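Student: Hints in hand, dock the two standalone chains.
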Amino acid sequence: MDRIDKDELREAQQSEATREQREARARRRRYVRPPVDIYSTGSEMVVLADMPGVQKSDLDVTVERDELVIEAVAAGRAEEESTLPWGYYRRFKLKTAFDRERISAALENGIARITLPKAASEQARKVKVD
Amino acid sequence: MEKESDSNASGRGALAEFKNAVTNLYDQVSSQVTSLIPDLGFGREFPRHELRVEDDGYRVMVELPGFERGETDVSVVGRNLTVSGQRARFEPPEGGRMLRSERPSGDFELNVRLPSEVDAVTVVAQMRDGVLDVRLPGSKGARGRSIDVEEGSETQHDEPGAQADG
Numbered sequence: 017m018d019r020i021d022k023d024e025l026r027e028a029q030q031s032e033a034t035r036e037q038r039e040a041r042a043r044r045r046r047y048v049r050p051p052v053d054i055y056s057t058g059s060e061m062v063v064l065a066d067m068p069g070v071q072k073s074d075l076d077v078t079v080e081r082d083e084l085v086i087e088a089v090a091a092g093r094a095e096e097e098s099t100l101p102w103g104y105y106r107r108f109k110l111k112t113a114f115d116r117e118r119i120s121a122a123l124e125n126g127i128a129r130i131t132l133p134k135a136a137s138e139q140a141r142k143v144k145v146d
Numbered sequence: 046m047e048k049e050s051d052s053n054a055s056g057r058g059a060l061a062e063f064k065n066a067v068t069n070l071y072d073q074v075s076s077q078v079t080s081l082i083p084d085l086g087f088g089r090e091f092p093r094h095e096l097r098v099e100d101d102g103y104r105v106m107v108e109l110p111g112f113e114r115g116e117t118d119v120s121v122v123g124r125n126l127t128v129s130g131q132r133a134r135f136e137p138p139e140g141g142r143m144l145r146s147e148r149p150s151g152d153f154e155l156n157v158r159l160p161s162e163v164d165a166v167t168v169v170a171q172m173r174d175g176v177l178d179v180r181l182p183g184s185k186g187a188r189g190r191s192i193d194v195e196e197g198s199e200t201q202h203d204e205p206g207a208q209a210d211g
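Those protein sequences? They're chains A and B, same order as listed. If you count by this note's numbering, then the first sequence holds residues 17 to 146, one letter each, in order. If you count by this note's numbering, then the second sequence holds residues 46 to 211, one letter each, in order.
Looking at chain B on its own, in the form it has when it is part of the complex (with noise of 0.2 Å):
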């Protein structure tokens, strides 16, 4: 049993590996016409991820559905941005029987490739509502780090009429 589960552990990395190839293919493209570009379909493709490039830098969203402050590594060196962590399967309470079970689960290691360097030092990450929000404002000194994930206390969506969760 321990063994299949570590040769699937090994193809899910090859797995992730060339989805991460194709996401940061998609990105590159992306970047430059974000807006035009709809849902290509990955399905089930996780996480989820968007690039964003902003005046004063870029900014990564990743769609990590459970996950709290603390359950993810991101780290940048130079260009890349790399978050990775574990999503424990699903598994019912005592007496319950599964009828289905779609949500992904396992390891996961997402690259994104920035289009530029950004320095390491000031990098934010907050995790809110299932969502990690990375800002890397744009910097030639590339240093790199492992970034801290902030309580998402901070209100982004500052539109009028947004309701903080409670």
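Isolated chain A, as found in the complex (with noise of 0.2 Å):
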């Protein structure tokens, strides 16, 4: 008896879990890659995309490894059916390291800035030449 219990609960578990993901699959797909502009100075790296249509609580950024990735769901679109993109998914292999306590991420009026200092080995030196 408690056993037939558990395993339902553990089939209703499951199937919940795949039906989030399924719907979490199906919402991705009307994501969109958002365009970006990246410039490089001598201490930092800044990553520019153009993501109408999301908050700033919306907007997430993660440095894993080499690979930096930005997402953000746009408010409200998937709830209105909308033809617009549903949100914004893109992923760049950074070649240089970065201070990834110090890397930052900003939202003003749709456009996502994203600040990646260099790590103090990367950085541009002039060299006294004696």
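Don't read these hints as lab results, they were simulated from the structure. Be a bit skeptical, because a hint or two may be false.
Some chain B residues near chain A, calculated using beta-carbon distances under 8 Å [what the hints assert, rightly or not]:
no.: 1; residue: Val98
no.: 2; residue: Gly111
no.: 3; residue: Pro149
no.: 4; residue: Gly151
Just so you know, these numbers come straight off a predicted model, no measurement behind them. Quick reminder that beta carbons are idealized off the backbone N, C-alpha and C, glycines included.
Tutor: The structure is reproduced here in structure tokens:
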């Protein structure tokens, strides 16, 4: 008796999880790759991404190993079945070392700005020639 | 250099016109079956937009990342909504080197043909999170007007749990 209940519970949880995964996948199909401008200075690299409709709290930026991932939901669009993108997703391979602790992201008027300070070892240095 | 940019500008104008013709066609189709048509992938289309038919009229959302209120011209004449403006090419700060430059820039003009005439006097436009939201209540009186874009302070997404920017 006890055991059957547990199995049923497990099954219910699994189908719930797969349903959520399926829905998340379906939502992501309506995401687009945001166009970016990227520039580099001696001390940092800055990524600007067009993400109209995204609110600050919905911007998700992660750096794991050598990969920068930008993801954001555009507020309300999935719910309204909009024909506009429901969100944005893009990944970048990082070739230089950055100071992970100080990576920052901001969002203004639908443009995300991600600042990646270069690790001290990568920063351009002027070598004094004697 | 100047000459070249002039010819570029007119080339862009023609291209924009063509794009608008295509997107207007898309509008007319999509207004019937909006929720059935997925992103057809116009790709570089700028600005991306959507026409919605609502109970009390039409609503046009135009994606204009980086734009503030007052930086676009919005006008309505009869069945035509026109949104135009200019987006400057991004320049890196001094000493900065561009590694990638994909974001669209230049002049744009978007023309949306509405399914029926609206009363331009009642049209309200708001800019929020880089999206221009134009509400056009349906009406028989068709007077042309230039629309002031308001600050996006009104909450449009009023479903529970939605958070205001801060």
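Student: Which of the numbered hints are not met once you compare them with the structure shown?
Tutor: The structure breaks hints 1 and 4; every other hint is satisfied.
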